[in-house]
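**Student:** Those sequence lines, one after another, are chains A and B. According to the working numbering, the first sequence is numbered sequentially starting from 1. According to the working numbering, the second sequence is numbered sequentially starting from 1.
For the record, the hints were derived by calculation from the structure and aren't laboratory data. Quantities reported herein were computed from a predicted structural model and do not represent experimental measurements. Don't take each hint at face value.
Below, a list of computed lysine to any residue pairs in the SDA-like style, where the Cα atoms sit at most 25 Å apart [unchecked claim]:
1. B:K116 / A:V14
2. B:K116 / A:R165
3. B:K14 / A:T169
4. B:K116 / A:R17
5. B:K14 / A:W15
6. B:K116 / A:W232
7. B:K116 / A:W15
8. B:K116 / A:A234
9. B:K116 / A:L349
10. B:K15 / A:T245
11. B:K116 / A:R300
12. B:K15 / A:R165
13. B:K116 / A:G13
14. B:K116 / A:R295
15. B:K14 / A:R165
16. B:K15 / B:M1
17. B:K116 / A:Y231
Letter by letter, the chains look like this.
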Amino acid sequence: MGEITLERPYSAGVWSRRRTVLIALSMGLVAAFAASLALGSVSIPLNNIVTILMGGEGARASWTTIVMNFRLPKAITAALAGAALSVSGLLMQTLFRNPLADPYVLGISSGASLGVALVVLVTASAGVSLFSGLTLVGDVGLITAASIGAAAVMAIIAIIARRVRHTMTLLILGLMIGYMTGSLVSILIHFSIPDRIQTYINWTFGTFGGVTWSQMPLFSAVILIGLLTAYWVAKPLNAFLLGETYARSMGVDVRRARIGILAASSILAGVVTAFCGPIGFLGVAVPHLCRILLRTSDHRVALPAAALMGASLALIADMIAQVPGGQVILPLNAITALIGAPVVVWVILSRRNLRESFSA
Amino acid sequence: MILETHDLSIGYTKKTIASRLNLTLQAGELVCLLGQNGAGKSTLIRTLAGMQPPLNGRVLLNGDDVRRLDARALARRLGVVLTERADVGMLSVHDLVALGRYPYTDWMSRLQPEDKRAVNRAIESVGASELAYRPVSELSDGERQKVMIARALAQEPALMILDEPTAFLDLPRRAEIMFLLRDLARESGRAILLSTHDLDLALRTADRVWLLANGTLTDGAPEDLVLSGAFASAFQSEGVSFNISEGAFHVQRPQRTPICLSGDGVTRLWMARALERAGFEVVDSAVDRVEIITQTDSARFRLHYAGVLTEYESIYALIAALRDNSGVVQTS
């Protein structure tokens with residue numbers, strides 16, 4: 001019951017809860033980031049990591065190399081990618097008023113994978129040898145192919161979004177693009193050689209280890225722009241919680257807001273897919289966790305919370321994929337799904353009314 | 001004059017629903033839009049709200065064409081409540097009503113003192129103060145509808161348009177919402193237009209009725225429309241007729257058996273209703289008759305039917321006996 005009728009205590013209570021959650025998530029992110037630098041096939045003490053990060057030398061020379069050339073870029077990539085996918089998922093769930101929408105619902109990863117499949121599978125059968133090895137993730141050619149594929153789908157969606165009255169049409173369109181590219185990829189695989197198929201499959205596993213220092217400025221700049229754009233549309237996103245008709249009646253320029261939301265979401269999902277491969281489940285699971293933790297759908301707090309939690313979970317998933325202490329590396333996508341699938345199941349089962357559990 | 005239309009034609013490219021409408025809405029007025037399903041109520045509402053282009057003519061809101069106002073300017077003049085039950089996710093009542101300040105706030109939707117006052121005023125005026133910090137998802141349908149109205153009020157519009165705001169509510173809640181809206185129109189000086197199927201409530205609460213039937217719109221006080229017969233003809237359909245003396249609809253039954261009823265007061269009134277429901281027509285003299293015997297604290301009912309006299313303690317028992325004894329009741 002509403003015993004609390006005064007505004008002060010309520011606002012204070014709600015905002016302190018929101019602040020507490022954001023602070024806890026920030027600390028979680030710092031801890032996950034530090035752990036991902038320290039843990040791996042070689043454990044490096046934290047004080048050494050601090051020294052190395054400050055520009056000094058580690059207790060062993062190899063540690064400096066490991067941290068600076070491998071773990072640091074990988075951790076930054078994981079954090080940025082996790083934040084990007086989670087924010088992208090939150091945008092899609094609100095825009096489509098659908099609890100199961102994820103960054104890839106528009107077919108962006110399908111576009112990227114078709115691009116990659118064309119390069120990897122077709123160039124091989126045409127006798128062109130673009131690649132020297134089998135572990136090509138992070139390769140400029142693949143990034144370009146994935147970017148072009150994702151961008152092509154985004155362009156199609158953007159053109160159609162300007163004409164379509166109802167957002168649900170876009171959702172169906174995205175699904176159809178997914179089916180079509182999926183079958184094209186199957187055909188390509190059918191006519192390809194095992195080596196190339198292996199390369200393609202490795203790409204679909206996803207990794208945070210493919211972004212080099214020289215690619216980092218581009219990667220991080222695009223993601224930061226996407227995240228800022230997402231925060232910029234927080235206000236219309238809140239209005240979209242009531243649906244497009246109400247949003248319009250409250251003064252939202254629906255067409256412009258929709259393009260802004262789609263652009264931010266597509267860019268975030270597209271750049272991550274291009275550089276890291278299609279990474280599933282973070283985008284669908286993190287927004288639910290955030291809303292449950294915050295007890296509000298207010299995007300002004302849900303967006304930063306999703307970014308922080310997504311970054312932490314991506315780092316943790318990557319650490320698990322490394323199998324600490326071992327030499328085996330598991331496919332990243334398998335780990336995110338292992339974390340993500342139970343979360344989605346739990347969300348669905350623990351809510352009396354599914355519609356209440358998500359933003360719309 | 002808050003709203004006026006000039007030679008407005010509404011409908012779709014292939015089908016004109018109504019044309020040459022010259023309507024006005026005054027400040028402080030509650031107007032009910034009535035009409036059968038498919039008469040075009042929603043189309044008219046959507047056109048007036050600028051959600052759908054008119055086939056012809058213009059809709060002027062405070063003197064400006066609604067199709068030319070940008071979304072933000074329109075939202076400051078017009079608040080809308082839709083039929084559809086909006087699932088709003090995890091928001092408190094206060095947060096939801098505060099969304100109504102959208103056209104006034106900055107890009108972070110920070111509430112300035114006047115925004116906070118408007119939000120609190122809106123919540124108070126629908127009587128939802130004690131709900132203010134409850135999650136919207138926990139509210140009943142009636143409470144939720146009040147909150148949606150408060151959200152529209154927070155926009156501080158000159159005109160509020162509500163599309164069947166009482167559609168999913170139970171009867172007491174419908175009356176509550178209708179009287180709430182009437183008071184809001186009076187007290188806030190806003191014009192309120194709503195469409196409804198609740199003829200009875202509309203007749204009691206509306207300052208004016210727009211009756212949409214067969215492509216024409218009749219405009220007037222509810223009483224004018226009743227007396228002119230416009231009301232009866234708009235809702236005339238097989239088996240149902242509008243009783244002008246009772247202000248209510250009746251289902252017609254063919255071939256009623258005459259029966260005489262003696263007695264007086266409220267008991268007689270309700271006995272007559274029961275008999276009519278059972279297929280009898282209460283007349284001044286007939287072979288069969290019902291007598292009401294008033295006692296100090298209760299009444300008994302004596303039935304002379306087919307030459308037999310029986311006595312009952314309740315209306316139900318008497319009607320049940322009639323049902324058993326007469327083929328008339330069963331076949332009607």
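**Student:** Taking the hints in turn, state whether each one holds.
**Tutor:** Consistency of the hints with the structure:
1. B:K116 / A:V14: With Cα atoms ~16 Å apart, K116 (chain B) and V14 (chain A) stay inside 25 Å; holds.
2. B:K116 / A:R165: violated, 34 Å
3. B:K14 / A:T169: OK: K14 (chain B) and T169 (chain A) at ~23 Å, within 25 Å.
4. B:K116 / A:R17: OK: K116 (chain B) and R17 (chain A) at ~21 Å, within 25 Å.
5. B:K14 / A:W15: violated, 53 Å
6. B:K116 / A:W232: Holds, at roughly 23 Å.
7. B:K116 / A:W15: holds, 16 Å
8. B:K116 / A:A234: OK: K116 (chain B) and A234 (chain A) at ~20 Å, within 25 Å.
9. B:K116 / A:L349: violated, 38 Å
10. B:K15 / A:T245: holds, 23 Å
11. B:K116 / A:R300: holds, 18 Å
12. B:K15 / A:R165: holds, 20 Å
13. B:K116 / A:G13: holds, 17 Å
14. B:K116 / A:R295: Holds. K116 (chain B) to R295 (chain A) sits at ~22 Å (cutoff 25 Å).
15. B:K14 / A:R165: This hinted pair holds, its Cα atoms lying about 19 Å apart.
16. B:K15 / B:M1: Measuring from Cα to Cα gives roughly 30 Å; hence the hint is violated.
17. B:K116 / A:Y231: Given that 25 Å is the threshold and the Cα spacing comes to 23 Å, the pair holds.
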